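**Student:** Construct all of the structure, not just a fragment, from the sequences and the given hints.
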Amino acid sequence: MTAKTNKPMGKAAVMEAILEASTALFAEKGIAAVSWRDIAAKANVNPGLIHRHFRTKENIRLQVQDRLMEEINKDIGEPGDPEEALVNGVLALRKNDAFWKVMARTFLDGKFEGDVQTSFPFLQKMVDSLNTAQDAGTITSRVDPTMLVAGGTAMALGLLLFEKYILPATGLDAAPPEETQDAILNAFLEALLK
Numbered sequence: 001m002t003a004k005t006n007k008p009m010g011k012a013a014v015m016e017a018i019l020e021a022s023t024a025l026f027a028e029k030g031i032a033a034v035s036w037r038d039i040a041a042k043a044n045v046n047p048g049l050i051h052r053h054f055r056t057k058e059n060i061r062l063q064v065q066d067r068l069m070e071e072i073n074k075d076i077g078e079p080g081d082p083e084e085a086l087v088n089g090v091l092a093l094r095k096n097d098a099f100w101k102v103m104a105r106t107f108l109d110g111k112f113e114g115d116v117q118t119s120f121p122f123l124q125k126m127v128d129s130l131n132t133a134q135d136a137g138t139i140t141s142r143v144d145p146t147m148l149v150a151g152g153t154a155m156a157l158g159l160l161l162f163e164k165y166i167l168p169a170t171g172l173d174a175a176p177p178e179e180t181q182d183a184i185l186n187a188f189l190e191a192l193l194k
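Numbering-wise (the UniProt record's numbering), the sequence shown opens with residue 1 and increments by one.
The reader is advised that the hints may include incorrect statements.
[As the list claims (entries may be wrong)] Here are the simulated distance ranges between beta carbons: (1) K74 / T146: 19 to 27 Å; (2) D128 / E28: 31 to 39 Å; (3) H51 / L189: 46 to 54 Å.
[What the hints assert, rightly or not] Here are the simulated DSS-like cross-link-like pairs (lysine-lysine), alpha carbons at most 27 Å apart as the crow flies: (4) K7 / K29; (5) K74 / K11; (6) K29 / K95; (7) K29 / K42; (8) K125 / K101; (9) K164 / K101; (10) K74 / K57; (11) K125 / K57; (12) K125 / K164.
It is worth saying that the hints were derived from the structure and are not from the lab. Keep in mind the model is a prediction, meaning the values are calculated, not measured. Every residue gets a Cβ at the ideal spot worked out from N, C-alpha and C, and that includes glycine.
**Tutor:** Here you go:
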């Protein structure tokens with residue numbers, strides 16, 4: 001019998017392997033469909049180490065979502081003007097599809113405890129950026145900035161999640177999906193900035 005190669009060694013490496021494996025599996029299958037053994041096999045660790053370091057699958061889920069949110073925030077950076085911030089947000093969501101896939105599967109599974117996520121720094125920064133832009137008169141003041149951010153976020157996530165349904169259903173499937181998403185974003189921005 002030969003030992004598996006590339007086993008992570010040490011607490012930090014084991015935890016990292018578990019979180020990376022969990023991220024991929026949660027995005028692909030959903031949290032409810034993933035077992036400890038699935039995670040252990042993908043991470044190349046003993047299942048007992050998962051329990052030792054995380055105790056519950058819910059703790060893993062929370063850490064996975066926090067890590068994914070950190071990646072999104074890093075890719076977005078500090079929001080400048082509202083248009084730049086929205087574009088950066090959509091680009092970050094496209095790049096980090098595990099973020100929205102894990103979140104969607106979490107909601108669809110309905111197996112989470114408490115809050116799905118505890119921190120929403122980019123969305124709060126967007127609200128602040130839109131408030132500043134409204135005060136400066138550079139964007140419409142007809143709509144509450146919180147509503148604009150909620151609507152824009154729902155639109156972006158919905159489009160990413162359901163693009164294979166939305167684009168053909170609306171006749172917008174002739175161009176590449178990213179090109180069409182950009183056109184939709186531009187239409188949203190034009191309405192926002194006027």
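**Student:** All the hints need checking, so say for each whether the structure fits it.
**Tutor:** Hint check results:
For the hinted restraint 19 to 27 Å between K74 and T146, the CB-CB distance of approximately 24 Å keeps it satisfied. Checked against the hint of 31 to 39 Å, the pair D128 and E28 passes, with Cβ atoms roughly 35 Å apart. Between H51 and L189 the CB atoms are about 48 Å apart, so this pair conforms to the stated range of 46 to 54 Å. For the hint pairing K7 with K29, the CA-to-CA distance comes to about 24 Å; that is within 27 Å, so the pair holds.
Simply put, K74 and K11 have alpha-carbon atoms about 25 Å apart, close enough for the 27 Å limit, and the pair holds. Taking the CA atoms of K29 and K95, the gap is near 19 Å; set against the 27 Å cutoff, the hint holds. For the hint pairing K29 with K42, the CA-to-CA distance comes to about 13 Å; that is within 27 Å, so the pair holds. A C-alpha spacing of about 23 Å is found between K125 and K101, which places the hinted pair at or below 27 Å, so the restraint holds.
A hinted pair counts as satisfied when its Cα atoms are at most 27 Å apart, and K164 with K101 qualifies at roughly 14 Å. Between K74 and K57 the alpha-carbon distance is near 26 Å, which keeps this suggested pair within the 27 Å criterion. Distance check on the hinted pair: K125 and K57 sit about 30 Å apart at the alpha-carbon level, beyond 27 Å; violated. Of the supplied pair hints, the one linking K125 and K164 is violated, its CA atoms being roughly 30 Å apart against a limit of 27 Å.
In the structure shown, a violation is registered for the earlier hints numbered 11 and 12, in ascending order.
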